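Line by line, the protein sequences give chains A and B. According to our numbering, the first sequence is numbered sequentially starting from 4. According to our numbering, the second sequence is numbered sequentially starting from 4.
Don't take every hint at face value.
Where chains are identical, the list cannot tell them apart; a pair therefore holds if satisfied intra-copy or between any two copies.
Unchecked claim - No more than 20 angstroms apart at the CA atoms, straight line, and that leaves these computed lysine to aspartate or glutamate pairs for EDC-like: (1) 208 with 411; (2) 188 with 19; (3) 310 with 139; (4) 13 with 236; (5) 194 with 211; (6) 310 with 465; (7) 194 with 214; (8) 43 with 428; (9) 39 with 62; (10) 373 with 404; (11) 188 with 211; (12) 188 with 411; (13) 43 with 28; (14) 43 with 298.
Since the hints were derived computationally from the structure, they do not count as laboratory data. Only a predicted model underlies this, so the values are computations on that prediction, with no experimental measurement involved.
2 protein chains.
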Amino acid sequence: MLTYSLDKTKGISLYEQLYSAIRGDIVRGTLATGEKLPSKRALAAHLEISVVTVENAYEQLAAEGYIRSEEKRGYYVCPVDTPPEPESSKLPPEPGEPEERRWFLDFVTNSTAAEYFPFDTWARLMRRTILDKSTDLLRPTPSTGALELRRAIADWLRAFRGMGVSASQIILGAGTESLYSLLIKLLGRDKCYAVEDPGYGKIAKIYESDDVTVRRIALDEAGLSAEALRRSDADVVHISPSHHYPTGIVMPIGRRQELLRWAGEKEGRYILEDDYDSEFRFVGRPIPTLFAADERERVIYLNTFSKTIAPSIRMSYMILPPHLLAAYQQKLGFYACTVSSFEQYTLAKFLTQGHYEHHLNRMKTRYHQKRDAVIAAIRAGLPRAEIMEQDAGLHFLVRLDTHLADDELQSRAAEQGIRLALLSDYYSDPRNAPPHVLVVNYSGIQPERLGEGLRRLNTIMEGNDHV
Amino acid sequence: MLTYSLDKTKGISLYEQLYSAIRGDIVRGTLATGEKLPSKRALAAHLEISVVTVENAYEQLAAEGYIRSEEKRGYYVCPVDTPPEPESSKLPPEPGEPEERRWFLDFVTNSTAAEYFPFDTWARLMRRTILDKSTDLLRPTPSTGALELRRAIADWLRAFRGMGVSASQIILGAGTESLYSLLIKLLGRDKCYAVEDPGYGKIAKIYESDDVTVRRIALDEAGLSAEALRRSDADVVHISPSHHYPTGIVMPIGRRQELLRWAGEKEGRYILEDDYDSEFRFVGRPIPTLFAADERERVIYLNTFSKTIAPSIRMSYMILPPHLLAAYQQKLGFYACTVSSFEQYTLAKFLTQGHYEHHLNRMKTRYHQKRDAVIAAIRAGLPRAEIMEQDAGLHFLVRLDTHLADDELQSRAAEQGIRLALLSDYYSDPRNAPPHVLVVNYSGIQPERLGEGLRRLNTIMEGNDHV
Chain A
4 MLTYSLDKTK GISLYEQLYS AIRGDIVRGT LATGEKLPSK RALAAHLEIS VVTVENAYEQ
64 LAAEGYIRSE EKRGYYVCPV DTPPEPESSK LPPEPGEPEE RRWFLDFVTN STAAEYFPFD
124 TWARLMRRTI LDKSTDLLRP TPSTGALELR RAIADWLRAF RGMGVSASQI ILGAGTESLY
184 SLLIKLLGRD KCYAVEDPGY GKIAKIYESD DVTVRRIALD EAGLSAEALR RSDADVVHIS
244 PSHHYPTGIV MPIGRRQELL RWAGEKEGRY ILEDDYDSEF RFVGRPIPTL FAADERERVI
304 YLNTFSKTIA PSIRMSYMIL PPHLLAAYQQ KLGFYACTVS SFEQYTLAKF LTQGHYEHHL
364 NRMKTRYHQK RDAVIAAIRA GLPRAEIMEQ DAGLHFLVRL DTHLADDELQ SRAAEQGIRL
424 ALLSDYYSDP RNAPPHVLVV NYSGIQPERL GEGLRRLNTI MEGNDHV
Chain B
4 MLTYSLDKTK GISLYEQLYS AIRGDIVRGT LATGEKLPSK RALAAHLEIS VVTVENAYEQ
64 LAAEGYIRSE EKRGYYVCPV DTPPEPESSK LPPEPGEPEE RRWFLDFVTN STAAEYFPFD
124 TWARLMRRTI LDKSTDLLRP TPSTGALELR RAIADWLRAF RGMGVSASQI ILGAGTESLY
184 SLLIKLLGRD KCYAVEDPGY GKIAKIYESD DVTVRRIALD EAGLSAEALR RSDADVVHIS
244 PSHHYPTGIV MPIGRRQELL RWAGEKEGRY ILEDDYDSEF RFVGRPIPTL FAADERERVI
304 YLNTFSKTIA PSIRMSYMIL PPHLLAAYQQ KLGFYACTVS SFEQYTLAKF LTQGHYEHHL
364 NRMKTRYHQK RDAVIAAIRA GLPRAEIMEQ DAGLHFLVRL DTHLADDELQ SRAAEQGIRL
424 ALLSDYYSDP RNAPPHVLVV NYSGIQPERL GEGLRRLNTI MEGNDHV
């Protein structure tokens, strides 16, 4: 008869102790395949425990497949492998807090200052959402997002972007990157996707990680041309006509019309209009979207709230032309929406109650001031640099007066704690880039450090490393 | 000279009116390509407006590419197409509130009752998060998720699931579906993916929409077998060994070991263990995971908080075996995490402060009670039905006593307001399914309607439609 010493004082239930003991015997082969276990009653009497304890242990062993019960006959041991000797733990080390280099001055990272985010309003609306929407919050929203939020976005676009769209055309996603993946599924993985060169490098990487063919199309002074597209075999082109990153080019109307014509020439051609920072135009009216000028339903519009509200809010959206809606529903309508409904309903309130407009205006004013301050500091600190400004967006370009090659400049600056973004970083072949053009991503720059930082940079450019 | 009547009382700024008027003339061809515009000063005098107003209008037209400025010479009209006559608006109709059929009794939809969600606790932790984390909330979390939350999940899994994992192995995503897409990118789109047949149909649909080859592998009474896998050309298999949906099969230990051997036989083979409802086991210990038994680093574990907390919270995670971590970082580490950091930090507190354990225990008790009540009602209302129970999960099976074919049964029930899920719905070929087995997804059922609903069902099964 099976004999185990079970210990009532151990803090582990008797049934668990018995279960572990029998399982151990099965795994080690002490109890052989096919062997019959003692009856519950007999084992209980033998070990001086209750029948229920044995029953629970047997049930658990049966549930996990170590033994099987045969009606009216009893429990039998199932065939089980003897596992190899456990190796010493192969657990990877616990990660530490991510190592981040602390830069004295960082021209690369655009960041939102914490004090700009309307925490109080957001928290209040979230509380309101929990009170108003408790039942809705426990149901998934439609695949494309909560109707309430899509309507609020449509109203916003009508009032502030001059775009006439229906809520049914809007599809929400947790970040623009996740929308790219949906678009590839919608438009076809066999299509060829064109991106701008220079451009934001992550866009091409995302397309490539999704296993589609990517073409990098060289820009001219008006941006991407239909002519260059025609020379490629691209079917779909991803562009930022309102404000190209990093060159800052605003695509002129003539060029836009050419692109729309290119898209209309062949079935299956589409333009993905990434309107990522159109909200931050400091002078004049917003640049009209390509989407609004599109008569042939060839433009898909993409934008995000992560840049305008906070990066922690993963909410982006795309707008499909009407003829793609049925295909979307059929191919992708079964996907669950990736955005938390808490945040969807909160953002809907934030938009409809006017907080978003208010927030954007405040941000625009502050960015404009910061931009002016950074420009003034550069004029003072780098008098021979040429500032190339476009009154828009969260970056601008500065042509530096130096003979150093870009990589040399970058590595020497890094030694001095200065992280430089250079235009050549955004070219697939850096040799095609105009040299020593600094991309100033200014929103995260601490102005009080700019004087000292630019002094160091100046010394480096003059070929004197001793700062 | 250009002559426009501008109206100061119109509520639109003079510069916008002038901009629109000149743009209209360019688009209509009244102002021809290459034509020189009057000087700012001359036009201002002519229209009796300020030079600044003209300057703003010219700047906007130049920014959008309707005109270009030539230094010292003035502004010239650019080539622009005349757009076709605008068609009547092609805007798709505004969607109404989604039409949902109201069922008298719904056996298909598992839903979480609103009163189970710990709103107060969640709201309090969210407020706390906003206070504690204001700066962190404005920085994106690492691609794999906030370290704090990954550590909390690792601790939870160690304490309650017997799994030893490091936070560095955990990757968060906005829903399990988005993790499948990441996995395909990681393991390869050229691989062949096997799913269980019968199974949760959406899983195969998601793989197919991601353009990978999918094999549906027929189950036997112990679930998916290594033998059946070997007969297919599958490289990766997606299974739920702890509690299969919809059959409820718990994969026995012997079968698990066979699957692990299958995975170890060839480079590139992986098992995706979808542990979607393992938290709801009502009797005995939790079934150990396949991941924990895996000595060869061939198992990737997936689970979600959407099922245990609320579907509105889009938070799932996967655990990679250590040897895949470097490949993940290299291929996919540049992706932004899709989960809102608000909710990541809130969930971390929810886990570490013990609220999750408390919540799960309450849910388990309530589901257990509800399950017992539903089973009792079925025993009373359908005395000849055979209830097939497994003490786990949010569904169980009932073999109905009827001669009606499944589709007939389903459509007659629908006429009576009863929505039936039948086992055959989950088979790729319904003819392979045992007939008239009801899948009772009980968590959304209103028990007070069950008596009347089962009376109607009984009448239908007896072939008498007049209820």
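Hints and how they fare:
no. : hint         : result
1   : 208 with 411 : neither (26 angstroms within a copy, 51 angstroms between copies)
2   : 188 with 19  : neither (49 angstroms within a copy, 41 angstroms between copies)
3   : 310 with 139 : between (27 angstroms within a copy, 15 angstroms between copies)
4   : 13 with 236  : neither (72 angstroms within a copy, 49 angstroms between copies)
5   : 194 with 211 : both (12 angstroms within a copy, 17 angstroms between copies)
6   : 310 with 465 : neither (37 angstroms within a copy, 62 angstroms between copies)
7   : 194 with 214 : both (10 angstroms within a copy, 13 angstroms between copies)
8   : 43 with 428  : neither (73 angstroms within a copy, 40 angstroms between copies)
9   : 39 with 62   : within (15 angstroms within a copy, 92 angstroms between copies)
10  : 373 with 404 : neither (24 angstroms within a copy, 76 angstroms between copies)
11  : 188 with 211 : both (14 angstroms within a copy, 10 angstroms between copies)
12  : 188 with 411 : neither (42 angstroms within a copy, 36 angstroms between copies)
13  : 43 with 28   : within (17 angstroms within a copy, 96 angstroms between copies)
14  : 43 with 298  : neither (79 angstroms within a copy, 34 angstroms between copies)
When the structure is compared with the earlier hints, violations turn up for hints 1, 2, 4, 6, 8, 10, 12 and 14 and for no others.
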